[in-house]
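S.K.: Okay, here's what each chain looks like letter by letter:
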Amino acid sequence: MVATEYYVALSSILFAIGAVGVLTRRSAIMVFLSVELMLNAANLALVAFARQWSGAGSITALSGQTAVFIILALAAAEVAVGLGILVSIFRYRASTDVDALAEIRL
Amino acid sequence: MTDLISLAAFAPLLALIGALVNGLFGRAFREPLPGVIASLSVGIGFLLSIIAFFALAAGEETRVSITLWPYLQAGSFELSLGFALDRLSLLMMLIITGVGFLIHVYSIGYMHGDEGFSRYFMGLNLFVAAMLLLVMADSFLLMFVGWEGVGICSYLLIGFWYREKLNADAARKAFIVNRIGDAGFLLAMFLTVTTFGTLDIQAVNEAAGALVFGSSVLGVIGLLYLLAATGKSAQLPLQVWLPDAMAGPTPVSALIHAATMVTAGVYLIARVAPLFAQTPAASAAVAWVGGLTALIAAFIAFSQTDIKKILAYSTISQLGFMFVAVGVGAYWVGIFHVFTHAFFKALLFLGAGSVIHALAGEQDVRRMGGLGKHMRVTGTTSLIATLAIAGVPLLSGFFSKDAILAHTATSELIADYGNLVLYAILLVTAAMTAFYMFRWYHRVFAGEERFPKKLRDSLHESPSVMTLPLVILAVCSVLAGYLGLPEFAFPNWIAHWLEPSVETPVSFLHLSTSLEWLLIGLSVVAAAVGLGLGYWVYERNRGRLVARLEESMLARLSRSGFGFDALYRAVFVEPAEGTASGLSSVDTDIVDRGLRAGASPVGLLARAAALLQSGYLRAYALAMLIGVLVFALIVSLSGVLS
Amino acid sequence: MTLTVILIPLITALFLFFSEAADPLVRRFLGLLGTVSTFLVALYLPGTPGMSSLWLPGVNVYFALSPDGASAVLVLVASLVMIPTALYASGRVERRTGSFLALLLIMQAGLNGIFLAKDLILFYLFWELTLIPSLMMLGIWGGTKRRQAVQKYLIYAVTGSFLMLVGMLALRPLSGAASYRLEDLLAVTPALPAGTQLWIFLLFTLAFAVKLPLWPLHSWLPDFHEQNHPSGVADVAGTLYKVGGWGFFAWALPLLPGAAAVVAPVLLVLAAFTAVYAAVIATSQTNLKRLLAYASLSHMGLVGVGLFGLHLTGLSGAIYLLAAQMVSTGGLFLLSGMLYERRKTFELSEYGGLSRSAPALAAVTLFVLFTSIGVPGLANFPGEFMSLLGAFHASPWLAALATLSVIAAGVYGVNLYQRLYQDRETQPVADLRELELAVLVPILAGILWLGLAPGPQLERIEVQTRIIAQTVQPGEEIPMVTLGGRP
Amino acid sequence: MTFPGPDINWVAFTPPLVLLLTAALAVLFALYQESGRLTAQLSLLGLVVAALFNLHLFQVVRQTDAFTSFGLRYLADTPAIAFNFVILIGTVLAVLMSYHYLERADLDHPEYYPLILLSACGAMVMVAAGDLITLLLGLEIMSLAVYVLSAWRQGSRESEEAGMKYFLLGAFASAFLVYGIALLYGASGHFVYAEIAAVLRGDGFDQLLLATLGGMLVLAGLAFKAALAPFHQWAPDAYTGAPTPVTAFMSVVVKAAAIAALLRIFSSVFPDLSPLVGQVFAVLVALTLVLGNLAALFQRGVKRMLAYSAVAHAGYLGLAVLAAGTVGTRAAIWYLTAYTLMNVGAFAVLSLIADRNDRGDDLERFAGLGRMKPGLAAALTVFLLSLAGIPPLAGFTGKILVFQAALQAGYVALAIIGIVMSVVAVVYYFRVVAVMYFREPEYELPAISSWATSMAIVVTVAGTVLLGIFPGWWYGLLQAGRQLLAGM
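Chains H, S, W and A are the protein sequences, given in the same order.
Numbering-wise (my numbering), the first sequence opens with residue 1 and increments by one.
Numbering-wise (my numbering), the second sequence opens with residue 1 and increments by one.
Numbering-wise (my numbering), the third sequence opens with residue 1 and increments by one.
Numbering-wise (my numbering), the fourth sequence opens with residue 1 and increments by one.
Derived by calculation from the structure, the hints in this document are not laboratory data.
Keep in mind that this is a model prediction, so the values were computed, not measured.
Backbone N, C-alpha and C define an ideal beta-carbon position, used for all residues, glycine too.
Take these hints with a grain of salt, some might be off.
Claimed, not checked - Here are the computed distance ranges between Cβ atoms for each label pair:
1) W/V441 with S/L7: 51 to 59 angstroms
2) A/M455 with W/E347: 49 to 57 angstroms
3) W/E347 with S/P452: 50 to 58 angstroms
4) A/R371 with W/L54: 40 to 48 angstroms
5) S/L166 with W/V441: 47 to 55 angstroms
6) W/P24 with S/G594: 44 to 52 angstroms
7) A/R157 with S/D589: 48 to 56 angstroms
What the hints assert, rightly or not - Listed below are the simulated DSS-like cross-link pairs for lysine-lysine, each with C-alpha atoms no more than 27 angstroms apart in a straight line:
8) S/K454 with S/K373
9) W/K145 with A/K373
10) W/K152 with W/K344
11) W/K344 with W/K145
12) S/K453 with S/K373
13) W/K344 with S/K165
From just these sequences and the hints, can you work out the full model?
M.R.: Here's what the structure looks like:
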């Protein structure tokens with residue numbers, strides 16, 4: 001059986017990639033997708049931990065797994081709202097460049 | 001008896017009421033009324049003082065305390081305002097109210113027609129009230145109330161004709177110089193409290209008597225009181241204000257700057273005689289200050305040309321004599337000279353006032369002369385006063401001055417501090433006094449008429465309201481001395497009278513009768529030399545010698561008042577003004593700017609903080625990520641370290 | 001009863017805010033009604049019971065007021081000064097008089113609160129509350145450079161007071177006191193460790209030194225006075241609001257005696273220096289209001305001298321001087337307003353010889369000036385004397401230094417009088433008007449009252465003085481002074 | 001495997017439930033409406049009903065005991081109920097502010113009010129959350145609605161920029177939060193605060209590093225919502241760009257919920273983590289106080305100044321959070337109550353002065369306001385002075401409480417930093433007052449009349465003043481009943 005540490009390591013790498021993506025991509029869509037990657041990295045960690053805790057008691061293990069479902073649902077809701085705003089912006093600016101969103105400053 | 005003595009306590013109140021009435025309603029009164037009110041208030045005070053005086057003389061007790069009301073009182077704090085009427089203070093009261101009354105009456109004539117008539121009498125009455133307070137006080141604090149009070153009245157009256165800048169300047173100078181002395185008085189009180197725990201004069205005197213002879217704290221207290229006294233009595237180094245103070249109306253000069261206020265310093269030292277008797281050092285300082293002042297002022301008086309300034313320097317010089325007296329431990333002698341001086345100096349000033357009145361304001365003796373013929377009463381009375389102050393035997397000044405000389409020569413208190421040198425100085429000064437007073441009289445009343453011819457016809461003797469006081473004062477100037485005939489051969493009333501008030505263990509060398517007569521003879525010689533020299537220089541030599549000496553160093557030194565004004569201007573006034581304006585710019589430019597500069601980094605930081613908000617989303621994300629990474633780093637490091 | 005001296009001005013202020021459209025006489029009546037009735041209540045205040053009710057339960061702040069001792073004295077004197085001040089304001093402030101009077105009365109309420117508060121946080125509340133009306137008066141009715149003056153004043157005042165708040169708030173948790181009430185704090189705070197006492201005391205000092213004010217934290221003062229409304233009314237209020245000395249006296253010294261003993265010598269040096277420094281600067285001022293500002297700064301230096309000598313006599317004297325200078329300095333500012341009304345300037349070079357056309361004004365000015373420079377028999381003297389005497393016990397040399405300010409005071413006092421009223425006569429001016437006379441009578445009465453019979457008020461002040469003396473030097477016998485009578 | 005039946009205590013979450021139902025109903029109405037007036041009125045009704053339920057809940061809690069639902073996942077104790085009141089007040093005020101504003105700004109769409117209600121509902125869930133997942137749910141319900149609201153001004157570059165920034169950064173922060181939750185779960189095996197704390201305190205616990213790391217990430221996620229530096233940078237921009245009523249709503253309700261969550265976590269889970277967490281949080285608070293206040297100092301736009309000031313106030317709340325579990329919780333609630341009143345009040349006045357597109361909030365525009373609109377100027381003065389912490393207004397008492405809390409927790413240096421920054425704050429708040437009263441009018445202001453906004457202003461002024469003079473009443477209520485998780 002693969003040790004939990006490996007899953008967690010993988011998840012943290014995914015999380016880091018997501019974070020770097022947020023910082024480096026200029027397209028709002030790509031930024032958002034990077035965030036999704038980070039959320040799913042967390043989901044991976046949760047699942048891995050849930051398996052680790054499966055010996056400790058049914059509720060403990062299950063709660064981790066159910067949390068993943070809730071987070072998935074939340075991510076989906078975020079997509080809905082985020083894309084809505086994005087579309088609205090795109091309609092007026094014809095661009096999704098986040099660096100263009102710098103008119104309010106100082 | 002006590003009740004009769006206590007009547008005197010109403011004297012200052014009466015004067016105060018007089019001042020209030022004139023101050024509030026004076027402008028509504030017609031001319032003589034304010035003067036009458038003022039004179040009456042002082043005159044009644046004089047009567048009360050006389051009653052109290054005789055009551056005290058007749059009674060058993062030598063001191064009556066009257067408590068007015070508690071002043072500073074809280075818990076064991078206690079300071080009641082109260083009067084102490086004893087032989088010394090009652091004598092002073094007699095002088096103040098008596099001479100004061102005469103001068104008030106004189107002023108009715110002198111100030112005739114002045115637009116500030118009622119204001120003048122308000123000031124004069126207020127002065128009498130304050131001066132009475134000063135001498136009647138039973139504590140240093142109340143004495144200080146009077147002390148500052150007379151200073152303020154002096155200020156008001158010197159600057160009476162305030163629209164002349166010179167007069168206002170003179171008043172200001174007098175006030176400020178006096179304030180220096182007052183600061184000394186304050187410090188003296190502080191040290192008195194910390195040393196004795198009380199400000200009650202009698203208690204301090206008793207406690208001081210119990211302290212070690214010559215203890216340094218007593219010396220310091222003595223020196224501080226001396227500082228106070230030099231301010232009020234125009235002694236070195238604070239004498240500079242008195243000549244300028246002549247800017248006030250002449251009766252004011254007579255009352256305040258000759259007869260009463262300026263003697264407050266002498267009174268103060270006599271009042272704390274037991275304290276000074278315990279400290280030869282401070283006493284010697286008093287005596288030496290007095291001696292040097294007497295000499296220098298007499299020297300300056302030689303060359304003055306203002307009829308009043310000559311008298312002012314004479315006053316300073318005579319006050320020097322008094323200081324010597326109280327400095328050598330002869331306290332009653334000091335008061336005795338205060339007493340006689342009050343008459344003849346007031347008389348001299350009033351005479352001068354009469355002259356100025358007659359000459360329509362002329363004050364320069366170079367434009368006078370020969371006035372005796374035109375103003376017989378003024379001339380005669382002035383002559384009496386001149387002879388009295390010159391120390392001509394059998395007149396009052398002779399007795400008091402001789403007593404000072406004799407006691408200086410025989411003082412044991414300051415025997416270690418060169419009392420014989422001091423005696424020599426005083427003897428010379430006595431001769432000088434006779435000389436310059438002769439000059440004064442001669443320049444004004446005798447010799448050729450140097451005033452403008454057109455004045456000649458209008459020349460007149462002053463009205464009787466002015467001459468009557470002159471006559472009374474002249475009589476006193478003759479007789480006052482007989483109250484204090486030389487002790488060794490004659491009955492001396494004043495020494496006996498004052499003894500309970502100024503009793504100290506100070507003793508004087510007991511001389512043989514012939515030596516005493518020798519000392520008297522020396523005094524007579526000094527007066528004679530001075531007068532004779534004066535006669536020769538001004539009558540026989542017709543001033544030619546003087547004219548030749550006019551440009552000599554000494555003459556210039558004398559004319560410039562020994563250069564004190566210039567010196568003080570350069571050493572104190574200008575540096576002080578410079579410091580003031582310098583500090584003023586330091587305050588706005590350095591202190592203020594400095595604090596503002598201290599706050600300026602806040603402004604820079606604020607702009608920097610605003611700049612952090614770049615507007616770029618990815619920069620914000622970076623900041624968040626850095627935050628999280630730093631968190632993680634801290635946690636991991638702590639994990640590794642632990 | 002105690003609360004009424006705060007409520008009356010507040011309620012009057014409320015009416016005044018809405019009196020802008022009313023007849024000027026209505027405003028004057030309201031102003032007089034508020035101030036006079038406050039004064040009357042203040043007269044009966046000493047000896048009445050205080051109040052104490054829980055105000056903020058979480059941190060145990062009590063709404064505790066008590067008119068004991070010095071509190072009642074200061075309330076009484078401040079209320080007296082407020083009567084002529086309000087009266088004069090009603091006649092001299094041209095724009096939005098109602099609001100001005102309202103702010104004035106709010107200040108009065110705040111001041112009374114400052115003096116009466118017996119809870120540390122409540123004290124702070126009133127302390128800060130009073131700042132706002134004072135700022136508004138300066139900002140709305142002030143001169144052309146008022147905004148700079150406001151900013152400076154605000155920053156100085158707030159920096160000090162906010163830091164003090166930290167010290168105050170720390171006091172209870174660190175000492176374990178039951179509440180912020182004075183009595184509860186007094187029971188435990190003197191036992192705090194020296195280090196703790198020290199930093200809290202320093203925070204207190206910052207605020208109180210700004211408001212005393214003490215060199216070098218005084219820079220706001222000259223600008224504050226120079227820029228305030230030319231009637232001088234706001235300056236009077238500002239003068240009453242110089243309550244730093246009260247802060248030290250009522251709170252910092254008794255609560256933190258250990259630190260007080262350490263810091264007071266330093267503060268004594270600063271205070272003595274301030275007294276002389278300001279008096280010397282005053283001699284060179286050519287603007288009437290700046291001159292008065294520095295003169296009052298010098299007085300506050302003397303208040304400090306009395307306080308930091310930590311001696312019974314000086315402590316009582318300092319508070320007495322604080323009360324007395326309210327009347328004398330207040331009177332001078334009102335007189336400056338009257339002069340301004342005649343000449344439309346504060347530059348002394350524009351004045352001269354006014355004594356001829358306005359003798360009564362001249363006489364009153366001289367009288368108040370003499371009071372201000374500490375002439376005995378008048379209001380300032382007893383306090384000044386006792387302050388210096390107290391300091392003399394602690395340090396004769398510093399007291400002597402501070403005494404030099406007496407001389408400098410003489411200089412600026414008579415200089416000022418000469419430049420205003422003596423010398424060559426300038427354009428004649430009107431003498432005192434009826435309103436002005438009415439304004440000045442209470443001031444003169446106050447000067448005589450405080451100058452001639454300080455005994456009863458000093459007795460009240462001493463109640464608190466003893467507390468300080470006992471906590472600062474426990475066990476040590478305070479040398480009692482018999483200033484007169486036979487020991 | 002046995003599954004215990006759900007332990008649902010419906011009374012415990014009646015207030016958010018009412019809001020949820022009202023929101024749903026309002027959305028239905030919205031389908032048939034052009035104007036938002038009806039939905040606004042319905043929302044107000046719902047809010048009032050929710051408040052009544054909350055009041056009832058409060059009475060029950062005072063008389064009996066705090067109660068829970070879903071195990072320890074939903075807590076209805078005194079703090080939660082008090083927070084509910086704060087949220088309800090903030091929401092009512094925001095609705096009142098929006099009532100005429102939306103019409104004037106041409107933003108009047110009926111969906112606006114349901115979104116506000118949903119957001120408030122999410123905030124209430126967050127406040128009551130007793131476990132990390134409930135917390136996350138509440139946070140997302142609240143945030144998603146607010147993202148939309150801040151971008152409400154369609155076609156406005158600022159508003160859309162605000163919405164987009166807020167959304168993207170918010171999602172980014174949520175990722176941290178979620179990852180933190182995962183790590184905490186990994187370390188302890190639980191999501192419920194009480195259970196996590198029990199595990200952490202248990203014998204043989206050896207995952208402190210992992211748990212602390214998780215705690216830090218959770219902290220970062222919540223710090224974002226509370227706008228604590230360095231996670232605050234979205235706030236000034238979003239606050240500036242969003243329509244003013246939304247800004248007001250965000251700055252109080254979102255902040256209240258985030259602070260509530262922080263308080264719960266700080267009083268249950270964090271005490272058992274490494275003490276580093278507290279220290280790191282203190283640094284965040286200090287940073288927030290410094291950056292927020294300093295950046296506000298030179299702002300020319302009043303709205304942006306208030307935006308930065310809102311950041312700064314997160315710092316003051318942070319002072320109370322440091323003392324969570326003891327006096328801190330009550331201090332924070334009290335402060336938030338005052339803050340809600342004065343901050344919304346200030347924005348409400350601003351909305352009556354600025355142009356319809358929120359432009360024209362320059363300082364110069366306020367010149368002479370004291371003369372032109374004395375009532376508005378006086379109200380704004382009250383709010384600004386209260387924000388500055390000047391007695392006897394509510395902000396002053398709040399300041400006393402939070403500083404007292406921080407000092408009691410031993411953070412003396414932090415308190416001094418905070419108070420120094422308060423001095424800076426007084427300067428920028430008072431500058432507005434000075435401009436209003438000390439200068440002559442320069443601009444012609446639009447004549448805007450709105451009874452709803454005026455009512456909001458009257459209520460907030462009254463609240464700010466009364467709460468300042470009589471602070472004991474509300475604080476006394478906060479002391480009643482029990483605080484769950486405290487001191488665990």
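S.K.: Give a verdict on every hint.
M.R.: Status of the hints after comparison with the structure:
1. The supplied range of 51 to 59 angstroms is broken by W/V441 and S/L7, whose beta-carbon atoms lie about 33 angstroms from each other.
2. The hinted range of 49 to 57 angstroms is satisfied by A/M455 and W/E347, whose Cβ atoms lie roughly 53 angstroms apart.
3. Between W/E347 and S/P452 the beta carbon distance is about 44 angstroms. The supplied range of 50 to 58 angstroms is therefore violated.
4. The supplied range of 40 to 48 angstroms is met by A/R371 and W/L54, whose beta-carbon atoms lie about 41 angstroms from each other.
5. For S/L166 and W/V441, the hinted distance range of 47 to 55 angstroms is not satisfied, since their beta carbons lie about 35 angstroms from each other.
6. For W/P24 paired with S/G594, a C-beta distance near 46 angstroms keeps the hint of 44 to 52 angstroms intact.
7. For the pair A/R157 and S/D589, the beta carbons lie near 49 angstroms from each other, so the given range of 48 to 56 angstroms is met.
8. The suggested pairing of S/K454 with S/K373 holds, with an alpha-carbon distance near 17 angstroms, which does not exceed 27 angstroms.
9. The straight-line distance between the Cα atoms of W/K145 and A/K373 is roughly 25 angstroms, inside the 27 angstroms bound, and the hint therefore holds.
10. Between the alpha carbons of W/K152 and W/K344 the distance comes to roughly 26 angstroms, so the proposed pair stays at or under 27 angstroms and holds.
11. Restraint check for W/K344 and W/K145: satisfied, since their Cα atoms lie roughly 17 angstroms apart, inside the 27 angstroms limit.
12. Straight-line distance between C-alpha atoms of S/K453 and S/K373 comes to about 15 angstroms, which keeps the hinted pair within the 27 angstroms bound.
13. Proximity of W/K344 to S/K165 is assessed by CA-CA distance (about 24 angstroms); at most 27 angstroms being required, the pair is judged to hold.
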